[in-house]
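So the chains spell out like this:
Number of protein chains: 2
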Amino acid sequence: MVIPVEDIADPRIADYVRLRDVDLRKSLEGGRGLFLAEGEKVIRRAIAAGHQVRSMLMTAKWLDGLSDLTGGDTGGVTVYLVSDEVMEGITGFQVHRGALASMERRELPSVAEVLRGARHVVVLEDLVDHTNVGAIFRCAAALGVDAIVLSPRCADPLYRRSVKVSMGAVFSVPYARLTDWHDGLEELRDHGFRLLALTPAENAVPIEGAFTGGRNALLLGSEGDGLSSRWLAEADQAVRIPMSREIDSLNVAAAAAIACYLLTAPGH
Amino acid sequence: MVIPVEDIADPRIADYVRLRDVDLRKSLEGGRGLFLAEGEKVIRRAIAAGHQVRSMLMTAKWLDGLSDLTGGDTGGVTVYLVSDEVMEGITGFQVHRGALASMERRELPSVAEVLRGARHVVVLEDLVDHTNVGAIFRCAAALGVDAIVLSPRCADPLYRRSVKVSMGAVFSVPYARLTDWHDGLEELRDHGFRLLALTPAENAVPIEGAFTGGRNALLLGSEGDGLSSRWLAEADQAVRIPMSREIDSLNVAAAAAIACYLLTAPGH
Chain A
2 MVIPVEDIAD
12 PRIADYVRLR
22 DVDLRKSLEG
32 GRGLFLAEGE
42 KVIRRAIAAG
52 HQVRSMLMTA
62 KWLDGLSDLT
72 GGDTGGVTVY
82 LVSDEVMEGI
92 TGFQVHRGAL
102 ASMERRELPS
112 VAEVLRGARH
122 VVVLEDLVDH
132 TNVGAIFRCA
142 AALGVDAIVL
152 SPRCADPLYR
162 RSVKVSMGAV
172 FSVPYARLTD
182 WHDGLEELRD
192 HGFRLLALTP
202 AENAVPIEGA
212 FTGGRNALLL
222 GSEGDGLSSR
232 WLAEADQAVR
242 IPMSREIDSL
252 NVAAAAAIAC
262 YLLTAPGH
Chain B
2 MVIPVEDIAD
12 PRIADYVRLR
22 DVDLRKSLEG
32 GRGLFLAEGE
42 KVIRRAIAAG
52 HQVRSMLMTA
62 KWLDGLSDLT
72 GGDTGGVTVY
82 LVSDEVMEGI
92 TGFQVHRGAL
102 ASMERRELPS
112 VAEVLRGARH
122 VVVLEDLVDH
132 TNVGAIFRCA
142 AALGVDAIVL
152 SPRCADPLYR
162 RSVKVSMGAV
172 FSVPYARLTD
182 WHDGLEELRD
192 HGFRLLALTP
202 AENAVPIEGA
212 FTGGRNALLL
222 GSEGDGLSSR
232 WLAEADQAVR
242 IPMSREIDSL
252 NVAAAAAIAC
262 YLLTAPGH
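Going down the list, the protein sequences come from chains A and B.
When we follow our numbering, the leftmost residue of the first sequence carries the number 2, and every step to the right adds one.
When we follow our numbering, the leftmost residue of the second sequence carries the number 2, and every step to the right adds one.
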């Protein structure tokens, strides 16, 4: 069903308001149990992963390309059709970025569920940057990480920017969120995971060769401060990527790429 | 010397106009032989690397923190002091991003100069995204890549966004630009470099173990299409990072991080 909407303040398109206001979006999306997918490829992947569409928002030029998903004029998906001006007013973007879909969140699986059968796991502690979270999911998917576990305060993988940067990998890599930061890592150890903490600290062992057979969980810390001292103390082994110059260390996404490669490399 | 400027159109601050207009900035910066450094840390690194300051632009709150660089009211560096409103009008940013400096470009060294004494080299073909270029420089600096060689059309490492994402690594990793795309790689081979082309192609060999002793040059292609068939044909060996799922491959910055790690790892 295609419904033209001409007013930015129309309550039917309230799922899409003020897309660049991170704080507002967090409370709105959490409160309504929705997330936004942006662009045809990502929308298709969200649907293929089983997420229900609440509605879509697009300008006329995207209608045809997505008609198989929306059912066109008579289909079951509600498409709000807006002008370029309204689209830009709502989103603050250039409209060439394409269609948006508001999708239903689902209840996350438990940590125990995502760990079942997993061998290579990444654990993210308190990352704040949605781009980094998305980049790490994309990497994890490409390199064959089995599951991701998030600390209670880690940034949301279903925030629009994470979803986009991940290219939809947030729909394909199973993930769960710890409810307890202080003692949460015990659950991984109870499942037989060895906990390896990535840190730039000099006294950590070089990461090459640190992953042995069996179940390994790689702990990655936040952008500013790295892993908390609590999680570093809980880890079985601190590992580092050797750095060669007195410049800033690698950013967390680059460090994660290298560490995930070594975590999942054949023979580890 | 601190000079208050109240008008966005004041010709004295023309180095800083329309910061978010990539095309305009490219021609302006090329034409005047300047680049912009953003934020205290990056400005300090540019100066430490020997770049001359043309001028700085900031709001009042940054004056004190940078007074050792500017000489304060009576120093030799010209500081244009603007209000938050003028700063935002000029840059299109939130002003909390800090001070800007317009710096003189220097003539790039020749390819032969940056290859001299180098053992681990990265060659970038036609990257278009300044964020990726900056991320690769940061990675290269952290991991000990000796030099970077750019194809004639590769995006500019001194574009503001590259400089910023690199955290100033564009000042510490020596780089040069090929003048000839078609036959340019011959110069690397003449210097004894083995050319390894990173590609997702199935018939490439796994990258682990592909770097042997001696001089290695890692070729990285553009975001959309990867390496050109010409450069792939010129390479001594095509290498790939094994991928495990049917999702998009790693992005070029993540792939570069892994490949640079393997390129420079001890024993390679």
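Hint data in this document are derived by calculation from the structure and do not stem from the laboratory.
Misleading hints may appear alongside valid ones.
Said to hold, decoys possible - Quick partial rundown of chain B residues pointing at chain A, CB under 7 Å, derived from the structure:
{"#": "1", "residue": "Leu70"}
{"#": "2", "residue": "Gly73"}
{"#": "3", "residue": "Cys140"}
{"#": "4", "residue": "Gly145"}
{"#": "5", "residue": "Trp182"}
{"#": "6", "residue": "Ala258"}
In this text, all values refer to a predicted model and were calculated from it rather than measured experimentally.
Glycine residues also receive a C-beta, built at the ideal position from the N, C-alpha and C atoms.
Which numbered hints fail: 1, 2 and 5
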